[in-house]
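A.B. asks: One letter stands for each residue in the lines below.
2 protein chains.
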Amino acid sequence: MDVSLLGLGRMGTGIARSLLRAGHRVTVYNRTRERAEALRPDGAVVAPSVADACRNDVVLTMLADDSALEGLVFGGRGILASLPRGGMHVSLSTIGVALSDKLAVEHAKVGQGYVAAPVFGRPEAAEAGRLAVVAAGPDPLIQKCKPLFEALGPNLYLAGSRPSLANVVKLSGNFLIASVLESLAEAIAFARKSGVDASSLLNFLTAGLFNAPVYKTYGNLIVQGQHEPAGFLLPLGLKDIRLILQAAEAASVPMPVASVLRDRFITAMARGNQEKDWSVIGRIAAEDAGLA
Amino acid sequence: MDVSLLGLGRMGTGIARSLLRAGHRVTVYNRTRERAEALRPDGAVVAPSVADACRNDVVLTMLADDSALEGLVFGGRGILASLPRGGMHVSLSTIGVALSDKLAVEHAKVGQGYVAAPVFGRPEAAEAGRLAVVAAGPDPLIQKCKPLFEALGPNLYLAGSRPSLANVVKLSGNFLIASVLESLAEAIAFARKSGVDASSLLNFLTAGLFNAPVYKTYGNLIVQGQHEPAGFLLPLGLKDIRLILQAAEAASVPMPVASVLRDRFITAMARGNQEKDWSVIGRIAAEDAGLA
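Sequence lines, in order, name chains A and B. Under this note's numbering, the very last position in the first sequence is 1555; numbers go up by exactly one each time. Under this note's numbering, the very last position in the second sequence is 1555; numbers go up by exactly one each time.
Because identical chains cannot be distinguished in the list, a pair is counted as satisfied if it fits within a single copy or across any two copies.
The list that follows gives simulated cross-link-like pairs (lysine to any residue, SDA-like), each with its CA atoms no further than 25 angstroms apart:
id, residue 1, residue 2
1, 1372, 1315
2, 1479, 1393
3, 1502, 1329
4, 1409, 1461
Derived from the structure by calculation, the hints contain no laboratory data.
In isolation and in its complexed conformation, chain A is listed as follows:
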């Protein structure tokens, strides 16, 4: 189908390629145009402006955070002003629950559809069409999007008819991953300082009870202290913990482990790890235990 994709960071670029490979006709837009031009050889059409990109009925966005998306949607000549009545905005970004609710209301006011469809997976998975998609929104819109979701990856979870439910699921998942990072970091720091070989410990744990991709991938990054290149930047991890704490406070749900995680991410920022992968919080536990 004809679709536009706005926001060409590492995730957006991978997603554009997966859509093109699946046979969709993709128009791309990015604030710094070079990243859009780089997709021409793959068959993308480059839109010179947001308004031009909104000539397609279906517009996907993949932005870094709430404020970037708000600027793109609500700004002058933005998506809200440019998308035709009956058009649809599909937000793939990991944004807050409150902003997702606001987008649903504002798009509806002008006769546009809105679906939230955040994704799980690192940039390589976006490129390979191996993302997991969590989608929520009115059923007719979801059905219309299905060929797009199928291009992004085989695993689709429908969270309900209220779009922000998808954001709740995405934030819950990222919170669980961050909890794995921190608990592994603490266990590995304790084991190392006690004289246990961290690498063989990890192999043992991930051969049995913790035989899951998240423990294997991040456990190895923490044991090896390898946090570059970043698959997911530390500041984005902090942002997601902030978003879940905001949404949880709004819903009156205390989350004590999330509060600990927030402080750990802030500590990691304070120690100059802005450009590192969020698994760098593994290093904080080691440093705080006096390990090199």
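For this one, chain A is given, so just place chain B on it according to the hints.
C.D. replies: Below, chain B without anything else, positioned relative to chain A:
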């Protein structure tokens, strides 16, 4: 081989049966004798006292906590006094690092061997010979124990020559499991209160990133609110978190998530869940969010 097993709770009873099934000649002892007598039909010999059980060269212990094991080892006519020179004590219990170090010293003083070999797995796994064994101690002793470990389960991890390294690994593993319980509990409480179906959320998470036995087993218990019968009692969970915090403090390793877990387990105790499975901390997060 000829071996004695002292301590016949649910774990010890299952282990006795697995040893007998593998062809070992097993003498059993338990303070309340009925639990020992119950193993006669399986082929066990019942020892009337600790001293009688110590006539075998190899003595396994599976007690509930540090003080129970200390009483059995250091008490009058206990293991230390009764085991012959050249005999070996294999501690399967989840005990503290400091006590394990003390046992190594005291057994060595009287010419006895000591191996720490705590196990991962619930009572059904003990019964089925499907435990994971973490063993540490001098290599000749470990080699001698291997046929016993093979009877307990297929997965053996050798943590080093200092016995307490096995206890470090076991406590690290239980801390990681408890972290899973608490982070799942917080995520599920947040998702439920936000309107997401918890059961389908769990299915989605455990189909991908969190595709591991620990998330499936405990996630279902938390989603269904099913915490009886207890596979692992709440007070034992609290004990293990206390033990890792003690050992981590002794090693100067701060563990902020473990500190949160300690408070959660204490809250669960205060709310009258002493007889429940430790997954009952999943209920604390729900209660604190005002969910029924």
